[in-house]
Structure formats: C-alpha cells, structure tokens
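Peer 1: This is what each chain is made of:
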Amino acid sequence: MLAQQLVNGLMLGSVYALVAVAFTFTMGVLKFLNFSIPGIFMVAGMVTWAMLKGGISLLLAVPAALALGAVLSYAVERLTYPQMRGGDHFIPLVSSMAFLILFENLVLVAWGSDQQRLALPFQSVSARVGDIVIGVPQLIGLVIAVGVVWLLDLVLKRTRVGRGLRSIAEDAETATILGVSVGRVVPVVFLIGGVFTALAGVLFALNYQQASPFMGEEVALKGISAMVLGGMGNIWGAILGGLVIGVVETAAIHWFGARTVDIWVYGLLLAILFVRPTGLLTSSLGSGRA
Amino acid sequence: MAAPAGGGGDVSAARPILALEAVSKRFGGLSVIQELSFEVLPGERVALIGPNGAGKTTAFNLITGVYPVDAGRILLDGEDITRLPARKRIRAGLARTFQNIRLLQHLTVLENVMVAQYARHPSLAGMLQPVNLLRGNRWQREARAALGEAGLAQYAEEATGSLPYGIQKRIELVRALLARPRILLLDEPAAGLNPAETEALAAQLAAISGSGVTLLVVEHDMHFIGAFCRRVVVLNFGCKIAECDCDAVGDDPRVRAAYLGADTELAAAHA
Amino acid sequence: MSGYLEGVLVLLAINVVLAYAAFLPIVAGQLNLGVAGFMATGAYVSAYLTNAHGWLPVPAALAATVLTAALGLVVAFPILRTRGIYLALATFAFGQVVVAIILNLNVVGGASGYPVRAYIGFPVIAVAAVLVFVAIYCLFHTRFGISVTAVSDDELVADQMGLSVRWLQTAAFTIGSAVAGLAGALHAHHFSYIEAQYFNVLLSIYIVLYVLLGGTQTIYGPLLGAAVFTLLPEVLRGSAQWRYVIFAGLILALMTWRPQGVVTRSLLRRLFEWRRPPAEAAT
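Protein chains in written order, with our numbering: chain V, 1 to 290; chain B, 291 to 561; chain L, 562 to 844.
Any given hint might turn out to be false.
[Claimed, not checked] Mimicking SDA-like on lysine to any residue, the simulated pairs with C-alpha atoms at most 25 Å apart in a straight line are:
| no. | chain 1 | residue 1 | chain 2 | residue 2 |
| --- | --- | --- | --- | --- |
| 1 | V | 157 | V | 132 |
| 2 | B | 378 | L | 715 |
| 3 | B | 378 | L | 573 |
| 4 | B | 378 | L | 718 |
| 5 | B | 378 | L | 639 |
| 6 | V | 53 | V | 114 |
| 7 | B | 378 | L | 638 |
These are calculated hints, taken from the structure and not from any lab test. Just so we're clear, the structure is a prediction, and the values are computed from it rather than from any experiment.
Looking at chain V on its own, in the form it has when it is part of the complex:
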C-alpha cells in the first residue's frame, strides 16, 4: 500500500517537476516569477484534448501542443522582458499574471468551464512489479521528464547558449559587458520554459485523462511550491521538489482526504519560506536570488 502510494506520488510528481523546472529556470536566469506558466500548462492540456476530440492523431497533437506552448511563451517574453530592463521589478510579474488571466479566460470563452475527459487513442497499459501497479504512460512521462531535464543540464553546461544563460543568471550586466548577446539568449529561456510547461500539461492530460480551464490553478500552481522546495534556480532541485510534492499530495489524499491537499502542499511552501527560503539545494544557475 505504502509503496503504491509512493509510486503514484512519483508519477504525479514528474508533472510537477516539469512545471517546477520551467518556473525555476526563469527564476534562476531572469529573477522573475513567471505566473503565465500555469496558463501555458492549461492551454497545452486543453488543446491536446480539443485536438484529440477533433480526430487529430496523437502524433500530431502532442508536437502541436508543445509548439503552441513555445509560441505563447514567446509572446509572454515580448511583453515582459523589455520591461524588466528599466522599470520596477514587479512589472514582469504583473504582466505574467495578466497573461494567466488572458489564457484562462480565452479558453473559457472557447470551450466553457467544464472539465473535459480525454479520449485516448490507445488502451492504458499497466505494468506490475510485485504488488505495485505502474501505469506505463505515467512511467514514460516520468522518464521523459527526467530525460528532458538531463538534456537541459547538458545544454547549460556544454553549449555556448548554456554558458550565456548561466552568466546572465550570475549577473546580467556583467554578462552583457562580456559580450553575451542577451537579447538572443533570453528568448531561449522563455522557449524552453514554454515547452517544458506545455509538455507537463500534455502529460498530465494524457495520464489522468482530464483537462479543464482551471488545471493551471489547480495543478501547475503547485509547481511553485516544488520550485521553492528544491531551491530557486536549481533545475535538479526542481525535479526533487516536484517529486516530493507529488508524494506529499498523494499521501495527503490517501490519509487525510483530497480536500486537505492544498493545506499540505502550500503549508509546506509557507514553512520553507519561513525556515529555509533558499530551498533544499542551492542554485546551480548563479545566485538564484530575486
């Protein structure tokens, strides 16, 4: 029983992990909390549902959703990053909140407020390991999540773009002086964040066969808790944080009921902010401080 809960928690946690990586990546490099991320998560999930419902093959729907995530994220970049350079630090945060509202309400206009059920074109397959049941699509999701973050880590460490990102994370002004083309590198942050978030939304929709215009608020927002737990600016911390939050949520549902989940997840966030705001791991992307 306990082990099954743990496994379920890890599977759920892989979704949180991806969202947390998107949050922490933007936070680490640009020092800004991108509130549009839950919106992109939701749009990706809803669009996946809509495309499947419209008869589009999964092989097309998923990349399309990811591409849409990238596009939306780029739109967010255009309207938040230039403002980051001059004015008050809260401006990009506020703009990103406006995007969340924009995305959520556009989806509400398009498809109404009901939660939708996804019709999967394949039979859900489960593997059994001893007493534990593991959904194969969920396992694939976990593997993809870890794999994608591992790739990101490689990019950060081995490529020019990655070095540019890390230097901006350390000190944006110095990076510019040292010749990093900030204007070309920063959109990469948003694009990567957008794709990761969209991937998380797609995985969630497919694994739990549901999508709703409120899934950004209900699911992706917990990625913030995961991000802070793992340490802002640390992408492996985000994975760790995401998995922990997933386990915490699953355990809470099992022992205290689904209605108590937010108390645990956000109570944990509150506790961390009071006790150890830097999180469990320190930032791998420069100082990570806001």
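Position chains B and L against the provided structure of chain V, taking the given hints into account.
Peer 2: Then chains B and L, alone, in the frame of chain V:
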C-alpha cells in the same frame, strides 16, 4: 531637541560628543577597520580623510549603525551607542548624508526632507501627525523654511529623480538638518560640485557650525577642508595614521606616504 | 433605485474596500497575493457569528474585521522577515492555506459552501466603503503615509532617518488584512452565500491588478481601478470572460507604456493646477 547655543568654532573642553574606542570591523576575512579611535569635541569641525578604500565611509556606517562593530565602543556624548539600533541614533542627535545620494524616489523633495522630522518626535502620535493633509501645516512650513534657507524652496514639489546632482546633494543636507542633530556626518559633501556650488556649501556649513552643530566630514578636496576644518583625522587601511591641525596635515610624512604611496601604485598600474 | 443599479453599486463599494486593502501594503512595498485569504477569513468569521451565535450582522462584521486584523498581525511577523518575491510567495501560500483550511471546516459548510442568513443592504455597504476611503485617505496623509512610502523606496535610508521599518511594514500589512476582512464580511452578508473556492489566488490577482491599474502613487488610484474593474462588464455587454480578457489586455498595455498606473501624482497636479495658489517665490 534644541541645538546647543554657541558661536562657530567654539570648542568646549567638555567631554567629546563623539568618541570611537578601538573600533574594529571585518568583512569576511578582510579587516576594514582596525582599532580605530578618535574623538570629536562639541562644536568642532573635523575632517576624516584618507586614500580611497581607507575605510572612511565604513567608519561612518559603523557610527550610524548600518553595520554592527566587531569590537570596540562608540560613544555619543558619553552614552554608549555601540549596540543601539540605527534608527535610534538619529533620534539621539546623530544625522548623516550619503556618499551616493540616497533621496527617496517616490516622494517629493518636500516629503523627502520631512521624513527626518520624525526623529524629533518618534512616537505613535508623531507618526499620526497629519503632515500632508492640509497645505501650510506647521511641519510643511518648517520644511519649506529649511529648503528656503538653503535656496531650494522652488523645488519643494518636484520629484527627486530628475533634479541636478548638486541640487540633490543639498536637499540631502537639508533633510539631515531637519532632524536637528547635535552632530552631523557628511560623506563627501563637495564631491561632484562645481566651484560655485562648493563655495555655497562651505558657507552653508559655516552657518550650520555657527549654530552649534558639530561637523564630521569625509572629504577628498583638501582645499575645501583646509578652508573649513580645524582638525583632520587621517585614515589608511582602516587605521588612524595621523591626527593634526589642518594646516599641518600636508607636511605630515605619514600622510604624504599614504597619499603619494597610493598615487605611485596607480602610476605604476597605468604604465 | 433600480435593483440592477444597486447591484452594480454594491459590487463597486466592495471592490473599493478591497482596493484599499491591497493598496496600503503595496505602498509599503508588499505585494499581497493572499488578500483573498484575509477576505475569506472576514467572510467566514462574520457569517459564523451571525449563523451560529445569533449576532447582528454589523457587529459581526466589525468583530470579523478585528479578528482578521489579529490574524494578519500574527502572520505578519514571519512573513515580513521575507522580502520582495519571497514575500509575495509567502502571502500567496498563506492565502491558499487559509482557503484550504476553510474547505475542511464542516462547521462552516466545508466544500459545499455556507449560506448566510443575516443580511446587510446597500446603504450600510456604501457607508462602509466611504468610511474606509476616508480613513485610508486620512492615514495616507499623515506621517505614516510618507513613512511607509519611504520604507518601500529605500529601507536603509528609512532606518537611518529614524523610522521603525519593521513596525511600519507590520502596520501596513495588518491594516490591509483588516480591511480585506471587512470586505469579506460585507460580501458574505450581502450575497447571502459564500464558498471557500471563491477566495482563490486568482481573486487576489484581480484585486492587485486593478489597484496597480488605477495607480498607487496617489490615494485616488485605487478608486479608479475598482471602478474600471467593476464597470467594465457593464460597459461591454459581452460574456463575463471577455471582460477579463479585455482587463488582461489593459494590464499588459499598461505595464508596457504606463506601469505607474493611470492616476499619478503628475496627472493629479495637472488636473488640479487651476486650484493651487501661485508657487512660492524662490529665495
């Protein structure tokens, strides 16, 4: 708190208004202030000089409570303020200006200088005084008068950000004065001012000193100091290396070594 | 007065109260993303006092305001040890936790919502909104107003100039939460039904956004923000969602071109120029 009466330069033989006793401060592994001791007598005009990096602003920051000292004591008119929180030091009569101008961006010039009035009445009642409710109330009048005395009355309603550097510096000085301090710490008040502004500043400081306020000034402009201060305390590498009358300071071999030594290093670096 | 008009004015009044609940902390440099949590506290406490203990609604609303202030004060101590984004996150987390706790309190209806029997009509709500405005107006024009702005601008300088930074921040936060609690109580007793899910982070976001839209430099900005937010759906007879889409668009436009909000000090000065006496002669 009324400013003590007395003519300019009237140095009383009473206890010092400010005393540092073997004050030390480290940042990480670096010792920035080492066993610094000096005194300032009431009504004096003392300059704190030294090459860049000697620790002058750090000394100020220790005196005003920005950082805690690691060792030693700071006494304000005999009272040990070493552990006193920064906000209580200005209330006790110790005000300062900043090397890099720090005016508050979201307040007008008038409101900026009015901030310091609280230090004279630090209480809940003081906080709830309706200073902005009706024009012409007594706090505004007092602040406007202070600005007027400094020749800055026309800037009262302006936002601070776009004002010329020299004007901003003078506003900071008015702000510090509105706390009615007994001793005023000025961090490079003449830096960045043109000759005319520097002369006006000297006159203003003379008037302030004349009203009994003790002045401790960090400066690089030796001419300005020479015309103005009686006594000089020289710092280098966080230690006091000399203390003498202004006229004699240029001849002191240690002082020359401190400044010229630094210059030689600079010259070598650029060779 | 027609029922429709009264309904709009009630919403406007409550939104005005909420605007000032968010305004004061923002002036002190605190982005309170948990405003809705304090609103919920006030709503549920007041509703409970009238439902379960037979209190009259107005005393209950006042008691709820005081209790919410107490909660705000208690929470302020740990939360105000954080700064900037950490503070915003802590308030966000707090708001979520409060709502989640209420969701689990079956004594006040839990997830099914809580009907509220005692009623507060438009006149009382209008008076409350006016009183809140007057109170915050006066407070803003005392030394407190200048001082919290100073603290938000430059904490070091504020400290050096003799201000009690921590006290000021705590006061702004606590007063803000109290006012939010009052708004919640008024909401509960007018709409006669409250549910925890309503007081979510998105509500806090809307409130903060329309305050920023109005402008936080002057005391009048929040009024404009609340008015725009309340009246937008009336002006645009579309679906509710389109109103929010347009609102979001307005915010984005604002942050790009006029991030200080619509009502600024310079705008106000230009509007009232004719009333001011001639400037003092330069000395």
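Peer 1: Hint by hint, note whether the structure agrees.
Peer 2: Against the structure, the hints come out as follows:
no.: 1; hint: 157/V x 132/V; result: 37 Å, violated
no.: 2; hint: 378/B x 715/L; result: 17 Å, holds
no.: 3; hint: 378/B x 573/L; result: 44 Å, violated
no.: 4; hint: 378/B x 718/L; result: 13 Å, holds
no.: 5; hint: 378/B x 639/L; result: 24 Å, holds
no.: 6; hint: 53/V x 114/V; result: 15 Å, holds
no.: 7; hint: 378/B x 638/L; result: 21 Å, holds
Hints 1, 3, counting from the list given before, are not met by this structure.
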